[in-house]
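Enquirer: Sequence:
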Amino acid sequence: MQQSGTLYIVATPIGNLDDASSRMRQVLAAVDCIACEDTRHSGRLLTHLGIRKPLVSLHEHNEAERVPGLIAALASGENVALVSDAGTPLLSDPGFPLVRSAVASGIPVCPVPGPNAAIAALSASGIAPEPFRFLGFPPRQPGARRRYFESLAEVEDTLIFYESIHRLAATLADLCQTLGAERSACVGRELTKRHEQLRHGDLAELADWAAHAPEARKGEAVIVVAGAPANDPDEVLQGEGARAINTDALLRALSEALAPRKAAQVAAKATGLPKNALYQRLLALKGDDST
Numbered sequence: 001m002q003q004s005g006t007l008y009i010v011a012t013p014i015g016n017l018d019d020a021s022s023r024m025r026q027v028l029a030a031v032d033c034i035a036c037e038d039t040r041h042s043g044r045l046l047t048h049l050g051i052r053k054p055l056v057s058l059h060e061h062n063e064a065e066r067v068p069g070l071i072a073a074l075a076s077g078e079n080v081a082l083v084s085d086a087g088t089p090l091l092s093d094p095g096f097p098l099v100r101s102a103v104a105s106g107i108p109v110c111p112v113p114g115p116n117a118a119i120a121a122l123s124a125s126g127i128a129p130e131p132f133r134f135l136g137f138p139p140r141q142p143g144a145r146r147r148y149f150e151s152l153a154e155v156e157d158t159l160i161f162y163e164s165i166h167r168l169a170a171t172l173a174d175l176c177q178t179l180g181a182e183r184s185a186c187v188g189r190e191l192t193k194r195h196e197q198l199r200h201g202d203l204a205e206l207a208d209w210a211a212h213a214p215e216a217r218k219g220e221a222v223i224v225v226a227g228a229p230a231n232d233p234d235e236v237l238q239g240e241g242a243r244a245i246n247t248d249a250l251l252r253a254l255s256e257a258l259a260p261r262k263a264a265q266v267a268a269k270a271t272g273l274p275k276n277a278l279y280q281r282l283l284a285l286k287g288d289d290s291t
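All residue numbers for the sequence shown refer to UniProt numbering, where the first residue is 1 and numbers rise by one.
Simulated from the structure, these hints should not be mistaken for lab results.
One or more of the hints may lead you astray.
[Claimed, not checked] For each label pair, taking beta carbons as the anchor points, the in silico distance ranges come out as:
(1) Gly201 to Ala153: 28 to 36 Å
(2) Gly287 to His212: 49 to 57 Å
(3) Ala72 to Asp202: 48 to 56 Å
(4) Ala230 to Gln141: 15 to 23 Å
(5) Glu196 to Arg25: 40 to 48 Å
(6) Arg40 to Ala128: 34 to 42 Å
(7) His212 to Ser4: 50 to 58 Å
(8) Glu196 to Val155: 26 to 34 Å
(9) Ala30 to Glu196: 46 to 54 Å
(10) Gln177 to Ser4: 52 to 60 Å
(11) Gly69 to Ser21: 51 to 59 Å
(12) Ser105 to Arg147: 36 to 44 Å
(13) Ala72 to Ala284: 51 to 59 Å
(14) Glu78 to His41: 20 to 28 Å
[As the list claims (entries may be wrong)] Calculated cross-link-like contacts (lysine-lysine; reagent style DSSO-like; alpha-carbon spacing at most 27 Å):
(15) Lys286 to Lys269
(16) Lys218 to Lys193
(17) Lys262 to Lys275
These figures come from a predicted structure and were not determined experimentally.
Every residue gets a Cβ at the ideal spot worked out from N, C-alpha and C, and that includes glycine.
Model the full structure from these sequences, guided by the hints.
Expert: Structure representation (structure tokens):
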């Protein structure tokens, strides 16, 4: 244990209780109290571990009122552990206001790493592991969800989502429609549990599976989607927009007054060409000019 008055961010098993680390057990057994998403759920975990500690509920509906009391306890020298129902706290789970307040108050914050569903699914997905974006739960309403996915259509990073099993089929259908039926993906269901399943395929195949397979309606789900294919700046800049305007000259002129990313953004509006491709082209031009 570190000095007194430390906030421990403790990852707990996402399903298989044998994933509980010895350090996790030691920290939970040593702290003065445990802030948890659901006292009943965390109580069962502590009973399994043979640990008895005061539990304080901390969830999205009471964080504002709970944080001051927990900060006061930490400031007085008590050690507090923060856990969620499963996995690493804060990632689509409560706790960020508490951690932010602790950091702002100069209270030591110590991570106790462990299970995480997003990383577990990514590691077994067969999809490029980096760079990736963890995006949590997508919007629940169909229209907002589709617009959200459309905004990600050109992102080249691997995308990771959590989704309720009740919306899995609809979400995969929307991903198929907005990102493209042939985009590679993987669905991890019931990770580390008895009925664990990793389903690989393109979005069309996975959407069809989720719409018809009985098992796709049970458990918790993680969706991993391959990023958009990288654009070759030299190929992209040969399009119709490039014939209408001297793209290289435009980029050079804009870069004299603007930062590279802003110059690429303005050039994208003027030419209709992808911003990322223009940015990479500008970097290449600057490299040529410096030699």
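Enquirer: Hint by hint, say whether it matches the structure.
Expert: Each hint tested on the structure:
Between Gly201 and Ala153 the C-beta distance comes to about 19 Å, which lies outside the given range of 28 to 36 Å. Restraint check, Gly287 to His212: a C-beta distance of roughly 52 Å satisfies the suggested window 49 to 57 Å. Restraint check, Ala72 to Asp202: a C-beta distance of roughly 53 Å satisfies the suggested window 48 to 56 Å. In this structure, Ala230 and Gln141 break the distance hint of 15 to 23 Å, their C-beta atoms being roughly 32 Å apart.
For the pair Glu196 and Arg25, the supplied restraint of 40 to 48 Å is violated, since their beta-carbon distance comes to about 23 Å. Checked against the hint of 34 to 42 Å, the C-beta distance between Arg40 and Ala128 comes to roughly 39 Å, which is consistent with it. Between His212 and Ser4, the C-beta spacing of about 56 Å keeps the proposed range 50 to 58 Å intact. Under the hint 26 to 34 Å, the C-beta atoms of Glu196 and Val155, about 28 Å apart, fit the expected range.
Against the hinted window of 46 to 54 Å, the Cβ-Cβ separation of Ala30 and Glu196 comes to about 32 Å, which falls outside the hint. For Gln177 and Ser4, the hinted distance range of 52 to 60 Å is satisfied, since their beta carbons lie about 54 Å from each other. Restraint check, Gly69 to Ser21: a C-beta distance of roughly 28 Å breaks the suggested window 51 to 59 Å. Between Ser105 and Arg147 the beta carbon distance is about 38 Å. The supplied range of 36 to 44 Å therefore holds.
Taking the beta carbon of each, Ala72 and Ala284 are about 55 Å apart, inside 51 to 59 Å as hinted. Judged by the Cβ atoms, the range 20 to 28 Å given for Glu78 and His41 holds: they are separated by roughly 23 Å. For a cut-off of 27 Å, the pair hint linking Lys286 to Lys269 stands: about 21 Å separates their Cα positions. With a C-alpha separation of about 12 Å, the suggested pairing of Lys218 with Lys193 holds against the 27 Å cut-off.
The straight-line distance between the Cα atoms of Lys262 and Lys275 is roughly 9 Å, inside the 27 Å bound, and the hint therefore holds.
Going through the hint list in order, the structure does not satisfy hints 1, 4, 5, 9, 11.
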